[in-house]
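**Q** For reference, the chains in residue letters:
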Amino acid sequence: MSSEAGQQHPLGVYYKVWALLFVLSACSYMVDFFEVQGAMRWTLVLLFMVLKAGFIVAIFMHVVWERMALVLTILGPPVALLLLIGLMTIEGNYVAGTRYQYMGHDRDAVALGPDDLHGEEHGEAVEH
Amino acid sequence: MSEAAVNTADSRGIESLVDDWSADKQAYHVPWGKAMMWIFLVSDTFIFTCFLTSYLSVRLSTTQPWPPQSEIFALSFGGDPIPLILIAIMTFILITSSGTMVLAVNYGYRKDKIRTFWLMVVTALFGMSFVGMQAFEWTKLIVEEGVRPWGNPFGAAQFGSVFFMITGFHGLHVSAGVIYLLTIAFKVRAGHYDKKGYEVVEIAGLYWHFVDLVWVFIFAFFYLL
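From first to last, the protein sequence lines are chains A and B. Counting in the numbering used here, the first sequence runs from 1 upward without gaps. Counting in the numbering used here, the second sequence runs from 1001 upward without gaps.
Please keep in mind that the hints were generated in silico from the structure rather than gathered at the bench. There are no misleading hints in this set.
For each label pair, taking beta carbons as the anchor points, the in silico distance ranges come out as:
| # | chain 1 | residue 1 | chain 2 | residue 2 | range |
| --- | --- | --- | --- | --- | --- |
| 1 | B | F1136 | A | H105 | 27 to 37 Å |
| 2 | B | F1186 | A | W42 | 37 to 47 Å |
| 3 | A | Q37 | B | W1150 | 28 to 38 Å |
| 4 | A | E35 | B | P1153 | 20 to 30 Å |
| 5 | B | T1139 | A | N93 | 28 to 38 Å |
Positions of the beta carbon are idealized from the N, C-alpha and C atoms, including for glycine.
Just chain B, same shape as in the assembly (with noise of 0.2 Å):
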């Protein structure tokens, strides 16, 4: 019945639409997990968006004036510090953890284990050290510019509760997602999917590309405007 729904219909245009949700069956033509972690990702969108409007809103309130982030975040390798230099060292990172996920997916449709486990790890990798330059980050912050959630040295006090807020938060996801890339990435190993299939492969590079997605907003919005 679903088969002969994927089949027939145009299968992105509205008569799609209406053909998935006009009869009582399943709406989805997707592996149940996937609709599962997108229903999870849209609800992930709206607590971080939450927390991105908060900033919003306190920083456009403030009268004080909003310290300046290019010079906090600048760092120096020997001679004049390289404005947001960190930062975007980390971009470019979860930027190629994002790409060597894709290909992850791509090869384990591919059912190449080999591959794809070592891309997840390499993935994982780059993860990893994001989060350590995160660390490396936050530590600078708080003891050479003592930096706190309820103040800071060089201006609105809501810079410090906002950073930590948000980039915390990210960096918690980036954590998790370590943990889950890795989980997946040995049993792809193992052989556990080879019956099952590898849809856990792209369901796992769906929460990553989501991480990478959240900190291209996070980059805009709190370092570069």
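Looking at chain A on its own, in the form it has when it is part of the complex (with noise of 0.2 Å):
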């Protein structure tokens, strides 16, 4: 009958969890303050972002805890979406390298930030 009567756990793996999703939080924010780059940027951001997703489903939603037929439901079809995502990464290099191609613009194109628009109202010298 115990899982008739619901999601009952000790506190105890609440506390640890919500503890750990801080620490992976703090984690990916500092993968952006100490400006990590390239590779290892998206292999951290992905990294800490499976391990939160991961830790909220399972303790916090307590799919853990569930039975097979329910946690396929939910975990089963979102598989899909990787199909979905692996085919708009092929058509999004294929647009973007077909208007390189044929409509001339600049690869090396480097974007603007708000200090060189406004850097005088941020009260910041622009010096780069």
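Join the two chains into one complex using the hints; note that each chain is given alone, in its own frame.
**A** Printed below as a string of structure tokens:
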């Protein structure tokens, strides 16, 4: 009957996961704060993201304690989305390629930041 | 009949899966409302993923450089601007609210009405402060930086449309969640669920955690990468 009576677990598990989520969020913020770039940035951001999402779904949403029929209903369909993401990555790269090739855009263009546009207003001297 | 299935088979293995689907009977051994909330959340996952995938698609295909989020969302408290600080605070607020919600669910099952009520109210207040900060962020972006859904001074025009669409839709979810949580909280306090049981609190909690979950992905893909 326990599963009919609902999800009841010791509070300790929740406090631990709660603390862990704070640490993981702080870690992903640190990636930006210390300006980690390139492949390392992608690896770290995605790793912390997957861990955070995993703990929320597994513990806070109680999925680890659910029966398999419900677990597969929840986690099964979204797997199809990976296909969509894969296809759109190929498509997006292809469209970008044709645009560079036929429209003559600059591949090395650099975006502007707020400081470039109104550095004075922010009270910051623009010194690059 | 369904009770027998719950008690005999190993409740998480492949046998339980076959058991649950192999006869003309109830497949999900959870309250009806909980199963339906999960169906809703799965469909909502598809909506958010479609938004994020369209973001992926336009960001990959644009030939204009993507605006530097870290600088755009920086905020200064008197000194040098701190990159992404407001977004980081919003992230911590949402995680804190997830924690108070999970405690509310737990105290709900212990039939501790007062604690459940207050924890849900606190969760809703965190939600409101999140929406408030988002309103501040939008105002800053529109008024000070001149970002519009059709263009912005920094780079690729798609930045604005993606930003307003994704964070707007998420903010709408948070706002709806605040109303939902407060409704359930006051019904809990009024003793509405004394006889029916406190699954409603868990169901409301599922929705709230989902909102937090979506933010995890938005934080990573939109603000950090």
